[in-house]
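Residue numbers (my numbering), protein chains in the order written: chain A, 1 to 313; chain B, 1 to 313; chain C, 1 to 313; chain D, 1 to 313.
Check before you lean on any hint, since a few could be wrong.
[Stated by the list, open to error] Straight-line alpha carbon distances no greater than 25 Å define the calculated DSS-like cross-link-like pairs of lysine-lysine that follow:
1. B/K284 / A/K177
2. C/K284 / D/K177
3. D/K177 / D/K190
4. A/K302 / A/K3
5. C/K177 / D/K177
6. C/K71 / C/K3
7. C/K232 / C/K190
8. C/K3 / C/K302
9. C/K232 / C/K177
10. A/K232 / A/K284
11. B/K190 / B/K232
12. B/K284 / A/K302
13. D/K302 / D/K3
14. C/K190 / C/K177
15. A/K284 / B/K284
16. A/K71 / A/K3
17. D/K3 / D/K284
18. D/K302 / C/K302
[What the hints assert, rightly or not] Now the stretches of chain D that chain C is said to cover, found in silico as 3 or more residues with beta-carbon under 8 Å:
19. 9 to 19
20. 65 to 78
21. 174 to 181
22. 243 to 249
It should be emphasised that the hints constitute simulated quantities derived from the structure, not laboratory data. In this text, all values refer to a predicted model and were calculated from it rather than measured experimentally. Note that the Cβ used here is the ideal one computed from N, Cα and C, for glycine as well.
Now for the letters of each chain:
There are 4 protein chains.
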Amino acid sequence: MQKINGRSEGVFVISVTPFAENGDLDLDGVEQMVDFYRSAGASGLTILGMMGEAPKLSQEESTSFATRVIKASPDMPVVVGVSAPGFAAMRDLSATVMDAGAAGVMIAPPSNLRSDEQIQNYYSQAAEVIGTETPFVVQDFPLVTNVVISSSVLLRIFADNANAVMLKHEDWPGLSKISALRAAEAEGAKRISILTGNGGLFLTEEMERGADGAMTGFAYPEMMVGVTRLAKAGEHDRARDLFDAYLPLARYEQQPGLGLAIRKHILNQRGAIRSARLRSPGPKLTQQDFGEIETLIARQTKRLSMLELNEGV
Amino acid sequence: MQKINGRSEGVFVISVTPFAENGDLDLDGVEQMVDFYRSAGASGLTILGMMGEAPKLSQEESTSFATRVIKASPDMPVVVGVSAPGFAAMRDLSATVMDAGAAGVMIAPPSNLRSDEQIQNYYSQAAEVIGTETPFVVQDFPLVTNVVISSSVLLRIFADNANAVMLKHEDWPGLSKISALRAAEAEGAKRISILTGNGGLFLTEEMERGADGAMTGFAYPEMMVGVTRLAKAGEHDRARDLFDAYLPLARYEQQPGLGLAIRKHILNQRGAIRSARLRSPGPKLTQQDFGEIETLIARQTKRLSMLELNEGV
Amino acid sequence: MQKINGRSEGVFVISVTPFAENGDLDLDGVEQMVDFYRSAGASGLTILGMMGEAPKLSQEESTSFATRVIKASPDMPVVVGVSAPGFAAMRDLSATVMDAGAAGVMIAPPSNLRSDEQIQNYYSQAAEVIGTETPFVVQDFPLVTNVVISSSVLLRIFADNANAVMLKHEDWPGLSKISALRAAEAEGAKRISILTGNGGLFLTEEMERGADGAMTGFAYPEMMVGVTRLAKAGEHDRARDLFDAYLPLARYEQQPGLGLAIRKHILNQRGAIRSARLRSPGPKLTQQDFGEIETLIARQTKRLSMLELNEGV
Amino acid sequence: MQKINGRSEGVFVISVTPFAENGDLDLDGVEQMVDFYRSAGASGLTILGMMGEAPKLSQEESTSFATRVIKASPDMPVVVGVSAPGFAAMRDLSATVMDAGAAGVMIAPPSNLRSDEQIQNYYSQAAEVIGTETPFVVQDFPLVTNVVISSSVLLRIFADNANAVMLKHEDWPGLSKISALRAAEAEGAKRISILTGNGGLFLTEEMERGADGAMTGFAYPEMMVGVTRLAKAGEHDRARDLFDAYLPLARYEQQPGLGLAIRKHILNQRGAIRSARLRSPGPKLTQQDFGEIETLIARQTKRLSMLELNEGV
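Generate the whole structure from the sequences, applying the supplied hints.
Next comes the structure, spelled out in structure tokens:
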């Protein structure tokens, strides 16, 4: 399988982890889920990320799931989250999934890092631990990690480590960070791929500022695929029309903690996964939540059909 | 002036603090700003909140500004943020503004509170410090305060303190909290006013779940006024139509840190304040930011006129 | 092997994890280390805790190490830290070590817990996940976990879960917590074992307030053993004499982050472990550090001999 | 009065703020307190720090108290804490106290700073706000501020701002930071004064590594004065003898939150302040606490007399 590199682009969907109603890992549901993401136009998949309930899997389950997804996805590169409190576990998981055919790994900083030097050193050590043949994604998600990485530190991480090839951009606010990184590139810094997160809530602006696509898990990946394509074609107004149609639901899905339950509920309804089950500890949706989701989907469907009438998007 | 109480409703706009280009407090611009908020349909004003740059004012400036706003707003109740690291400063500011005619005060928890007991005790002490004649708003904003207040603790705070009459609801996600508080009320808990924050991003759902209005500072308060009125009239679909038209910009304004600069830029353009100046430390907008705001406003204007054509909102 | 229960007492030494100079787990050094702790008078051992570099082990290494220690310690109960970001990993590790003969497991709260209800629910779920036959230790260490557990919440956790039998008391300050828990017990609350942490820095006061012993890893476990025994015999003044002799070094060892490197250096010098190696990321001692440790040990030795002359401790 | 500079040395006692039994500021008790600190050998005083209950004073009280202390201390330089959430309040308080004769001000970083660049910019802005004629102390206390400042960032702050002349060193662990700063000085970096905090718990090692003295508030300032003098005279072993005699109590006083109540209780007993009152919110000592303090003081007294017999310190 082809590895990710500094020119990778498109939508790498952050995949959920499917469980059966009894809480077991639903390995037999993997193909169906991968097919769903493929049909939606995904360029790649990212698994075992924070939103994939990775910490709720045992090590053995993580490996089985990763291997199954990679096997089911010979045509789409699969990035695997290998963030871990220690380097031994990171090395093991990284080696296992790269052997199985992963396209690269993703590493978030541990939450005790504070100073620029600590962050830089951590990534240098991690880059060495996974090995120079393994390309990796830097996950910059301060809302959850509590680690603030300035643009200048990001640039040094990418300059120092040849295998650092992609940024999962999830700072909030983070638009100026994209602009700063692309400005540095224009002046000679290494070309890196920037895929954006935050549930796609700023995708239109992010694309206009130089992102290469998205790496997030909104339950309608076709929105992100469409916006990305239109933006690359320079059709920013049409990209925004499409984006706006999905925004009320995307906003609703982007509730910390609750969001994954909403996402799995919708993915289950859309046939992507066979159960909406989350492993505990995790939130449960109420009848009011279900009602709001239904309303939002109904309005979204209506608006999309009006859009089609008007524009043939 | 009438004080706030457990039945207060409508939109209490979180007011910005206007500065002149040189950074001085623009006291002479206060009437113009209050007029703007009144014209937009505000039911009340909230000043010296976190988004009002309160911590950047000296104590003397805080008092001058509060007094001026209260004087300029004989018809709209004014709530004043009096959160402080210690009770002496809280007592002083609270007494001063209530004497000047404020309708109540707002208190956020200091960020070192953790256990339920600590939070409850803090509010009991604060309630006593400001005096039983001073009604107050509990500000529940964990994203910024880092203090998590469960629904049961909120209920105890409101039950224990007669002058606790309103919740500035700003948990995220927080929809289930509104439902829980209203369910408790249905079973006999004290009636409290719930006004919601978070830039209005969940206002439609919040109104349907029982909120009495909004207390936040989106630069187009007329959106919140309109949504609130339509929701109260049971016209939820039309409320959502209106909401959706403003959502792309509301989303853009809701960027932590940067948001206030965006808000002041728009308010300045709309004639509400005479300068978009923020006191340092604070972010500066770039040409790209200005461009994005312009695009979003243009699209919003267009969509609102289509809405008027269709629905006469 | 006997399991821990609400009457367990003495010193459960928090064991380090021994590595070889090349960073490999030094499994063959386990017997020597266990012998050292036994000779020092330990009543039990606790492994894979936060100070045991547990997060730096792969899952396989954790299991191998735990099994080896349990086998080497047929006479001393071994408690195993099983804190994990998710319940699947916790269940797996817990089952494995209990099968191998562990005396119980220890569980620290994940750092995102805030409200009383969240903490209580978490422990109820965890208690069920590990199974009612597995007694467990609640680790209360807010300085590191950032989770504040009030005395009343601790009491509810112990009341709700029959297999919650011991508190690793590591709040700071925490003396009043011991008093509160013992006062509750006097009024009928379940008897629990309280073993204290924080490097033993408050052991004299903790014993006088009702602790049953210590669970911490100071490189001179004989201090804790001696203080515990003297305190139980009511010889508080002699307990303090002994304690004071070790205090300058105990204080020095209690430096966050650096402390483990100091501890391993001393344990290596004392023949407990074959290398002072820490796995990265971890601090390195400097010549100045080594010099200070040498000075402190020399003074400690001198003072202990004076104490023996005077008191025959 | 002479201002602080990069060669200031000795013990700048962190002064408590004295309250009357009814909670009022005890301005008339200021002279008595200053006399106590002077008699103990203090070289200077630091007021309105975090441990001085500064945040519990109104702005007017802060000014009255600072003025009174400065007036009572014509012979000892007085440093005033002016940390504030915004620059307007910082500028006001700084100007007022410098006019009244303060020797300098102290500034801690606001807790939202994260990256090196943010910290450096903040201090450049603050240095300008207070004015180039006002020398200031950088307070580096991550345990409370949650801001981690690396040695290289400290060096840049001192290099960039001529009026940055002193470090209140309170990182923990922080011994290597002193060594790093002194090593940089040996290679040409600006000479700064380093006074250490943390209740004096590491004073012996800190002095040996190049500190110029202490800036902390242990209730027996004569310990810090003695250790500082002996260390400067190269009498490190005698310095440690003295230090060790006070260590059990110093350790007990260094309990976060509770520590200030213990300190005020002892200072009240020693005649330094007329009431041990803390303003709420604050902890209350129990009978057990009082008993432990009494035991520790009795043992300390006994040990000090033995020391005098032996060494004539």
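Hints versus structure:
With a CA separation close to 14 Å, the supplied pair B/K284 and A/K177 stays within the 25 Å bound. Restraint check for C/K284 and D/K177: the C-alpha separation of about 14 Å stays at or below 25 Å, so the hint holds. Distance check on the hinted pair: D/K177 and D/K190 sit about 15 Å apart at the alpha-carbon level, within 25 Å; holds. Using a Cα cut-off of 25 Å, the hinted pair A/K302 and A/K3 is violated, with the two alpha carbons roughly 40 Å apart.
Using a Cα cut-off of 25 Å, the hinted pair C/K177 and D/K177 is violated, with the two alpha carbons roughly 34 Å apart. For the given pair, C/K71 sits about 15 Å from C/K3 by alpha-carbon distance, which is consistent with the 25 Å threshold. For a cut-off of 25 Å, the pair hint linking C/K232 to C/K190 stands: about 21 Å separates their Cα positions. Straight-line distance between C-alpha atoms of C/K3 and C/K302 comes to about 40 Å, which puts the hinted pair past the 25 Å bound.
A distance of roughly 19 Å separates the Cα atoms of C/K232 and C/K177; the hinted pair therefore holds under the 25 Å criterion. Between the alpha carbons of A/K232 and A/K284 the distance comes to roughly 38 Å, so the proposed pair goes past 25 Å and is violated. Proposed proximity of B/K190 and B/K232 is supported: the alpha carbons are some 21 Å apart, at most 25 Å. Distance check on the hinted pair: B/K284 and A/K302 sit about 39 Å apart at the alpha-carbon level, beyond 25 Å; violated.
Note on D/K302 and D/K3: the hinted pairing is violated, with a Cα-Cα distance of about 40 Å set against a maximum of 25 Å. With a C-alpha separation of about 15 Å, the suggested pair C/K190 and C/K177 falls inside the 25 Å cut-off, and the hint holds. Distance check on the hinted pair: A/K284 and B/K284 sit about 41 Å apart at the alpha-carbon level, beyond 25 Å; violated. Straight-line distance between C-alpha atoms of A/K71 and A/K3 comes to about 15 Å, which keeps the hinted pair within the 25 Å bound.
For the suggested pair D/K3 and D/K284, the alpha carbons sit about 37 Å apart, so the restraint of at most 25 Å is broken. With a C-alpha separation of about 19 Å, the suggested pairing of D/K302 with C/K302 holds against the 25 Å cut-off. Given as covered by chain C, the region 9 to 19 of chain D fails the check, having 0 residues with a CB less than 8 Å from a CB of that chain where 3 are the minimum. For the region 65 to 78 of chain D, the proposed coverage by chain C is not satisfied: 0 residues have a C-beta within less than 8 Å of a C-beta in that chain, short of the threshold of three.
Using a Cβ-Cβ cut-off of 8 Å, 3 residues of the region 174 to 181 of chain D lie near chain C, which meets the minimum of three, so the contact claim holds. Look at the region 243 to 249 of chain D against chain C: 4 of its residues bring a Cβ nearer than 8 Å to a Cβ of that chain, three or more, so the hint holds.
Comparing the model with each earlier hint shows violations of hints 4, 5, 8, 10, 12, 13, 15, 17, 19, 20; every other hint is respected.
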